[in-house]
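Please construct the entire structure, taking both the sequences and the accompanying hints into account.
The numbers in the working numbering rise by one with no breaks, and the one at position 20 of the sequence shown is 20.
Some hints could be false.
Okay, derived cross-link-like pairs now, DSS-like style, lysine-lysine, Cα gap no bigger than 30 Å in a straight line [said to hold, decoys possible]: (1) Lys40 with Lys27; (2) Lys34 with Lys62; (3) Lys62 with Lys120; (4) Lys62 with Lys27; (5) Lys120 with Lys3; (6) Lys31 with Lys62; (7) Lys186 with Lys3; (8) Lys31 with Lys3; (9) Lys3 with Lys40; (10) Lys120 with Lys34; (11) Lys3 with Lys34; (12) Lys40 with Lys62; (13) Lys167 with Lys120; (14) Lys167 with Lys128.
Hints in this document: simulated from the structure, not taken from any laboratory.
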Amino acid sequence: MDKFTTLTGIAAPLPLRNIDTDMIIPKQFLKTIKRTGLGKSLFYEMRYGQGGSENPDFVLNKPAYRSAQILVTGDNFGCGSSREHAPWALLDFGIRCVIAPDFADIFYNNCFQNGILPIKLPQSELDKLMDDASRGANATITVDLEAQEIRGPDGGVIRFEIDPFRKHCLLNGLDNIGLTLEKADKIDSFESQMSQSRPWA
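Written out as structure tokens, the structure reads:
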């Protein structure tokens with residue numbers, strides 16, 4: 001998993017509440033078990049019209065936001081089914097950070113397992129970021145995980161909270177497999193001892 005330290009990028013505004021995982025990546029794209037290739041289908045029903053033509057009014061189709069790495073959105077983001085394809089699609093598009101007042105629990109956990117930083121902010125502070133994100137090409141903000149700060153285009157700073165263990169995992173690029181491999185020496189030692197004390201096992 002890629003480390004998350006400091007991210008400076010375009011923030012796209014998506015001021016909608018209750019965006020569920022089917023809106024993020026519809027069910028017809030869940031046949032794959034690969035984590036790549038899903039970005040083109042992110043927010044499919046909002047991004048495309050009949051016949052697959054782009055909807056020019058959808059934020060990620062606008063020239064200023066086609067390379068957005070940060071999404072500023074509404075309450076209860078990622079509700080619905082537990083599909084891990086939702087963070088896969090966001091990551092494949094290029095989104096590394098989602099900022100919202102709140103998230104659905106399973107989606108929130110899945111983000112950390114895939115190298116995406118989900119940030120919860122009070123609505124008043126989110127409104128400031130939504131205004132920053134609405135500036136198009138000037139909507140560049142910096143997310144500093146180590147300092148737990150978001151710095152806006154005008155120099156304003158917003159602090160955010162994050163669980164220390166999850167922060168450690170993101171900073172070091174550790175998913176569950178990575179955390180296990182950190183203890184590889186102890187695992188090898190245990191297995192060696194077991195093979196000597198219980199050779200029949």
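These are the hints, each one checked on the structure:
Distance check on the hinted pair: Lys40 and Lys27 sit about 14 Å apart at the alpha-carbon level, within 30 Å; holds. Restraint check: the Cα-Cα separation between Lys34 and Lys62 comes to about 27 Å, which is no more than 30 Å; the hinted pair holds. Distance restraint check for Lys62 and Lys120: the Cα-Cα separation of roughly 26 Å lies within the 30 Å cut-off, and the hinted pair is therefore satisfied. Annotation: proposed proximity of Lys62 to Lys27 holds, straight-line Cα distance about 25 Å (limit 30 Å).
Pair hint Lys120 plus Lys3 holds up; C-alpha atoms about 20 Å apart against a cutoff of 30 Å. For the suggested pair Lys31 and Lys62, the alpha carbons sit about 29 Å apart, so the restraint of at most 30 Å is met. Simply put, Lys186 and Lys3 have alpha-carbon atoms about 24 Å apart, close enough for the 30 Å limit, and the pair holds. Of the supplied pair hints, the one linking Lys31 and Lys3 holds, its CA atoms being roughly 28 Å apart against a limit of 30 Å.
Distance hint between Lys3 and Lys40 is fulfilled; the C-alpha atoms sit about 23 Å from each other, no more than 30 Å. Restraint check for Lys120 and Lys34: the C-alpha separation of about 28 Å stays at or below 30 Å, so the hint holds. Distance hint between Lys3 and Lys34 is fulfilled; the C-alpha atoms sit about 20 Å from each other, no more than 30 Å. Distance check on the hinted pair: Lys40 and Lys62 sit about 15 Å apart at the alpha-carbon level, within 30 Å; holds.
Restraint check: the Cα-Cα separation between Lys167 and Lys120 comes to about 14 Å, which is no more than 30 Å; the hinted pair holds. A C-alpha spacing of about 24 Å is found between Lys167 and Lys128, which places the hinted pair at or below 30 Å, so the restraint holds.
The structure fails none of the hints (numbered hints given earlier).
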